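K.L.:
Start from the sequences and build out the full structure, keeping to the hints where you can.
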Amino acid sequence: MLFGIDVGGTHTDAVLIDKEKGVRAYTKIPTMTNDLLGSIRAAIKEILSQEKNVKIERFNLSTTLCTNAIVQDMLEPVGMLVSAGPGIHPENFRIGEYYEIIPGGLDHRGTEISPLDLDYAKEIVNRFLKQGIEVFSVVSKFSPRNPAHEEQLASLIKDRAKFITKGYKLSAQLNFPRRIATAYYNSAVWPIFVNFLDSVEDCLKEFNFAPKINILKADGGTMTIAGARMYPVESIFSGPAASVMGIIALCDIKEDAIVMDVGGTTTDIGIFASGDPLIEPENVRLKERPTLVRAMKVKSIGLGGDSMVSIKNNCINIGPKRVGPCMAVGGDTPTFLDALNIISQECYGDKEASLRGIAQLNENLSCVLDKTASEIVEQGCKILKKEVTDFIDEINERPIYTIHEMLEFRKIEPKKIYLMGGPAKLLAPYVEREFGLPVIVPDFFEVANAIGAALARPTMQAELLADTEKGIITIPELGITDKISKHYNLKVAREELKAKMEDYIKREFSWNLDIKDIEVIEESSMNMVKDVFTVGKDIRVKCQIKPGISEGYEKGVRCICNR
Amino acid sequence: MQQVKNRLGVIFFPAFDWAISPTHPEREERLLYTMDQLKEEGIFDIPGITEYKPDVATIDDVERVHFCFPDVKSNVTDSHLISAGGTIKAARLIMEKDEDKAFALVRPPGHHAMKVVHGGRGFCNINIEAIMIEYLRDNYGIKKVAIVDTDCHHGDGSQDIYWHDPDTLYISIHQDGRTLYPGSGFTHEIGGPKAKGKTINIPLPPNTSDEGFLYALEHVVLPILEDFKPEIVVNSAGQDNHYTDPITNMNFSATGYATLNKMLDPDLVVLEGGYSIQGALPYVNLGIVLALAGLDYSYVKEPDYDPAKFKMDTKTMDYIKRICETAYNNYFSPPQSDITLEKDGDWIVRDKEIFYDTSYIVEKQKEYLYDCNQCRGVLKIETSSTRVTNCIAIEAPLNCCERCLNIAYMEYEKAKKRAYSHIQFIDRVNKKVLK
Numbered sequence: 001m002l003f004g005i006d007v008g009g010t011h012t013d014a015v016l017i018d019k020e021k022g023v024r025a026y027t028k029i030p031t032m033t034n035d036l037l038g039s040i041r042a043a044i045k046e047i048l049s050q051e052k053n054v055k056i057e058r059f060n061l062s063t064t065l066c067t068n069a070i071v072q073d074m075l076e077p078v079g080m081l082v083s084a085g086p087g088i089h090p091e092n093f094r095i096g097e098y099y100e101i102i103p104g105g106l107d108h109r110g111t112e113i114s115p116l117d118l119d120y121a122k123e124i125v126n127r128f129l130k131q132g133i134e135v136f137s138v139v140s141k142f143s144p145r146n147p148a149h150e151e152q153l154a155s156l157i158k159d160r161a162k163f164i165t166k167g168y169k170l171s172a173q174l175n176f177p178r179r180i181a182t183a184y185y186n187s188a189v190w191p192i193f194v195n196f197l198d199s200v201e202d203c204l205k206e207f208n209f210a211p212k213i214n215i216l217k218a219d220g221g222t223m224t225i226a227g228a229r230m231y232p233v234e235s236i237f238s239g240p241a242a243s244v245m246g247i248i249a250l251c252d253i254k255e256d257a258i259v260m261d262v263g264g265t266t267t268d269i270g271i272f273a274s275g276d277p278l279i280e281p282e283n284v285r286l287k288e289r290p291t292l293v294r295a296m297k298v299k300s301i302g303l304g305g306d307s308m309v310s311i312k313n314n315c316i317n318i319g320p321k322r323v324g325p326c327m328a329v330g331g332d333t334p335t336f337l338d339a340l341n342i343i344s345q346e347c348y349g350d351k352e353a354s355l356r357g358i359a360q361l362n363e364n365l366s367c368v369l370d371k372t373a374s375e376i377v378e379q380g381c382k383i384l385k386k387e388v389t390d391f392i393d394e395i396n397e398r399p400i401y402t403i404h405e406m407l408e409f410r411k412i413e414p415k416k417i418y419l420m421g422g423p424a425k426l427l428a429p430y431v432e433r434e435f436g437l438p439v440i441v442p443d444f445f446e447v448a449n450a451i452g453a454a455l456a457r458p459t460m461q462a463e464l465l466a467d468t469e470k471g472i473i474t475i476p477e478l479g480i481t482d483k484i485s486k487h488y489n490l491k492v493a494r495e496e497l498k499a500k501m502e503d504y505i506k507r508e509f510s511w512n513l514d515i516k517d518i519e520v521i522e523e524s525s526m527n528m529v530k531d532v533f534t535v536g537k538d539i540r541v542k543c544q545i546k547p548g549i550s551e552g553y554e555k556g557v558r559c560i561c562n563r
Numbered sequence: 001m002q003q004v005k006n007r008l009g010v011i012f013f014p015a016f017d018w019a020i021s022p023t024h025p026e027r028e029e030r031l032l033y034t035m036d037q038l039k040e041e042g043i044f045d046i047p048g049i050t051e052y053k054p055d056v057a058t059i060d061d062v063e064r065v066h067f068c069f070p071d072v073k074s075n076v077t078d079s080h081l082i083s084a085g086g087t088i089k090a091a092r093l094i095m096e097k098d099e100d101k102a103f104a105l106v107r108p109p110g111h112h113a114m115k116v117v118h119g120g121r122g123f124c125n126i127n128i129e130a131i132m133i134e135y136l137r138d139n140y141g142i143k144k145v146a147i148v149d150t151d152c153h154h155g156d157g158s159q160d161i162y163w164h165d166p167d168t169l170y171i172s173i174h175q176d177g178r179t180l181y182p183g184s185g186f187t188h189e190i191g192g193p194k195a196k197g198k199t200i201n202i203p204l205p206p207n208t209s210d211e212g213f214l215y216a217l218e219h220v221v222l223p224i225l226e227d228f229k230p231e232i233v234v235n236s237a238g239q240d241n242h243y244t245d246p247i248t249n250m251n252f253s254a255t256g257y258a259t260l261n262k263m264l265d266p267d268l269v270v271l272e273g274g275y276s277i278q279g280a281l282p283y284v285n286l287g288i289v290l291a292l293a294g295l296d297y298s299y300v301k302e303p304d305y306d307p308a309k310f311k312m313d314t315k316t317m318d319y320i321k322r323i324c325e326t327a328y329n330n331y332f333s334p335p336q337s338d339i340t341l342e343k344d345g346d347w348i349v350r351d352k353e354i355f356y357d358t359s360y361i362v363e364k365q366k367e368y369l370y371d372c373n374q375c376r377g378v379l380k381i382e383t384s385s386t387r388v389t390n391c392i393a394i395e396a397p398l399n400c401c402e403r404c405l406n407i408a409y410m411e412y413e414k415a416k417k418r419a420y421s422h423i424q425f426i427d428r429v430n431k432k433v434l435k
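Residue numbers (my numbering), protein chains in the order written: chain Y, 1 to 563; chain A, 1 to 435.
Hints listed in this document are in silico derivations from the structure and should not be mistaken for laboratory results. This one's a predicted model, so the numbers in the text were calculated from it and none came from an experiment. Quick reminder that beta carbons are idealized off the backbone N, C-alpha and C, glycines included. A couple of the hints might just be wrong.
Computed footprint of chain A on chain Y, listed as stretches where at least three residues anywhere in the stretch have a Cβ under 8 Å from a Cβ of chain A [as the list claims (entries may be wrong)]:
no., region
1, 104-114
2, 523-529
Taking lysine to aspartate or glutamate pairs in the DMTMM-like style, the calculated list, with each CA pair at most 25 Å apart, reads [as the list claims (entries may be wrong)]:
no., chain 1, residue 1, chain 2, residue 2
3, Y, 169, A, 36
4, Y, 299, A, 45
5, A, 39, Y, 519
6, Y, 254, Y, 397
7, A, 39, Y, 538
8, Y, 411, A, 138
9, Y, 470, A, 28
10, A, 39, Y, 469
11, A, 39, Y, 393
12, Y, 530, A, 96
13, Y, 483, A, 36
14, Y, 411, A, 96
15, Y, 530, A, 138
16, Y, 542, Y, 502
17, Y, 386, A, 51
18, A, 39, Y, 522
19, Y, 486, A, 17
20, A, 97, Y, 387
21, A, 39, Y, 397
22, A, 194, A, 138
23, Y, 411, A, 17
P.N.:
Following this line, the structure appears as structure tokens:
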């Protein structure tokens, strides 16, 4: 059986899934913010109380640990060695207290413009080590085109540090400032995250489980625990992606659609284009700094079930402050969920308490409580609608680079809304009215995120770059650099990249994927012309393994997505 | 974190799937390394610099400017309409106050496309700056516009389109036409009889480097702009003055281009030529973007750049100074006599022969300008080419007087009765195109 767990900011959700019978057990418990391991342990216990004789083959975990560590600045000092050729001065990208620029540079084709000043670099490394630095990151401009400078820097540190992040291994994407930030955070969260992973392994042993452990990523895929030990930064913001994966597992989406996961603090919005979830091309931002961590296109809005509601001068204000829980389940401040509870046909907790809460708010007592509550809910739905509309407009404005794309460009026009999270059922009719679109609330809507976590499979993106003038190919993500002949072409490049990715997935995940699961997302082959002669080809192929649901599990969990 | 002084919109459209021919300089990968450099620098992550998708220009947008024969569709591809649409997007961004400045980093270019279009000239089919400017005039009521063309080749197309327009100041700094395509742009070319001094040419000798360009900018371009007081300044930013460009002979640098843009401070920048796709474009475009946004560009240097190699000698600088003085006087006190002026009744006439090097077409034109004392006058052109013969074009320009508008309609009615193969009538007053 598969175990999926999403340790979120408010709740920890867990499910146990059987291939044939679907969801066997599930739970939703409050997250103990200062004891994430404790939350995991409690969730496992709860699940085991519902289902006996469990054998867990795979344990998929989505956790906010790294996100929290970054947000709360609980970071390890990182020795940053950065080198750059001409362009914007790397001083602009300074991050952390130990950031040094090493002279030397590469150009846009990876040709060395000036060699690294290795003597100076040695001095810096020695100084950092003397200052007690244990983790390092090495980043050079254009390293995905040629990793030589990063490798030279790393070889100076080698066994003298606990951990080194090499920038080019994070992504083939060109973006030096993001590479710097991502490499920094990757090393900065490494000690705390690796420590946590050790405890999780121990914890599972306590229960006599020895499953394969995977960690959720923000793009809706998984990485192995070994991968997570190398790239802990990839585990940030995996929660919203787990929600989207849950919807994919539960519902058969074919059209343009909106997914909303209404949580306690926030509502996460995801977008589907013809049934495919959109991957964020802009990547995740950490403390205002964009990174190379790929994420699903998800927008978080500061409006959830536990959002505080207030009324001032007849003006309703909802969120973004979270109080809670709502009064219906024993809180002391009225929330959005209390308002919803009053006007809803269905009942959540103590309706009387909700009524008392909204009554507190009502300045004008002559007014009927029902009316106030429905105004609050209406206002909430209006906020959701505005945010969703802005989000889709922004997506429809994304840049493109070929005439083909320009002419084929299709605007996203959602036809349905999939609603999940605790308040989903109560909220559905009001969202439907506000958006004028059919709303679907699937079974297990409260723990769809944990289902998504349990069933997510590996994702991967890799780019192959061939320069036939130089006679070199590189696949930065796989650490491959190889010689090629003058006759190397796009077709060979495409096949080579797919084969290398297939090998990697088999080796790392023991997953015999279908080669059809590897799709080409960008490819080009352009002549390199010197004067008027073609001297070679610049070939680029980018492939991905899209996020998806583990094979064979769909029929067990898929619900009939009618209302 | 870098703080921009000006919010900048960049419309980046490299048209990776379009070329004139596989080894043509204006080909698919022209902006490939520029894209790599801009992405690696994280340009679009800087708060205040935003990347946008181009609009697609409509046939109406083209017909507002050009007389296309036999029609627009036979002269443009989707790529041309997207490139022109990129400039329109740029214009809209600043007019709607979304951005302070905008850079249309698009291809194919346009500044060799003239008023009448029978095919492609100098890699250009339609004039993307003119399409942008006339869009601005029709949609936002802009009147006075200045184009500063810093492409290495004389922008004979832009010059032709605005030859008779006193509200558009066209200044071109380029390599001397005696040494480079298209062989025009000499100091005596100063605009038509109704727009004298509104076309200014600054032909510079081969091997001019930063010092010479910036001298011309400081001593000619800036004082003229100060006097003309345009509502919008456009830089036609060709990048083929660069010392590595394979088809020209100048010695301008990336820092030079950036400094030029910092001093010029244009509202809109449109990419034109520039064919050193590895050695120049990545650095020049980066420099221009940073300069426009008001950021530091002093570390944007070509790997092989050595300013000492491009030091200008006194003799050449003296020559440049003399050219600049002539150009300056051409604006402030344009010569009134014109030995080439020919009249036929109330019409001022010109004969022109135009060669379309890209499409290999020859065109013969007779241009008539109504000599009006109220406005710039009706324009009428009889044109034949080796592709389409016996066409006529009539334009009632923006802000033309009532009499000229009537004359234009009379000419149109007259033309319909004759055996022209194609008639194009642009009525800018009523925003109409009749055929």
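K.L.:
Taking the hints in turn, state whether each one holds.
P.N.:
The hints, checked one at a time:
{"no.": "1", "hint": "104-114", "result": "holds (count 6)"}
{"no.": "2", "hint": "523-529", "result": "holds (count 5)"}
{"no.": "3", "hint": "Y:169 to A:36", "result": "18 Å, holds"}
{"no.": "4", "hint": "Y:299 to A:45", "result": "18 Å, holds"}
{"no.": "5", "hint": "A:39 to Y:519", "result": "23 Å, holds"}
{"no.": "6", "hint": "Y:254 to Y:397", "result": "23 Å, holds"}
{"no.": "7", "hint": "A:39 to Y:538", "result": "17 Å, holds"}
{"no.": "8", "hint": "Y:411 to A:138", "result": "28 Å, violated"}
{"no.": "9", "hint": "Y:470 to A:28", "result": "20 Å, holds"}
{"no.": "10", "hint": "A:39 to Y:469", "result": "23 Å, holds"}
{"no.": "11", "hint": "A:39 to Y:393", "result": "23 Å, holds"}
{"no.": "12", "hint": "Y:530 to A:96", "result": "42 Å, violated"}
{"no.": "13", "hint": "Y:483 to A:36", "result": "23 Å, holds"}
{"no.": "14", "hint": "Y:411 to A:96", "result": "22 Å, holds"}
{"no.": "15", "hint": "Y:530 to A:138", "result": "43 Å, violated"}
{"no.": "16", "hint": "Y:542 to Y:502", "result": "14 Å, holds"}
{"no.": "17", "hint": "Y:386 to A:51", "result": "23 Å, holds"}
{"no.": "18", "hint": "A:39 to Y:522", "result": "16 Å, holds"}
{"no.": "19", "hint": "Y:486 to A:17", "result": "23 Å, holds"}
{"no.": "20", "hint": "A:97 to Y:387", "result": "22 Å, holds"}
{"no.": "21", "hint": "A:39 to Y:397", "result": "18 Å, holds"}
{"no.": "22", "hint": "A:194 to A:138", "result": "22 Å, holds"}
{"no.": "23", "hint": "Y:411 to A:17", "result": "22 Å, holds"}
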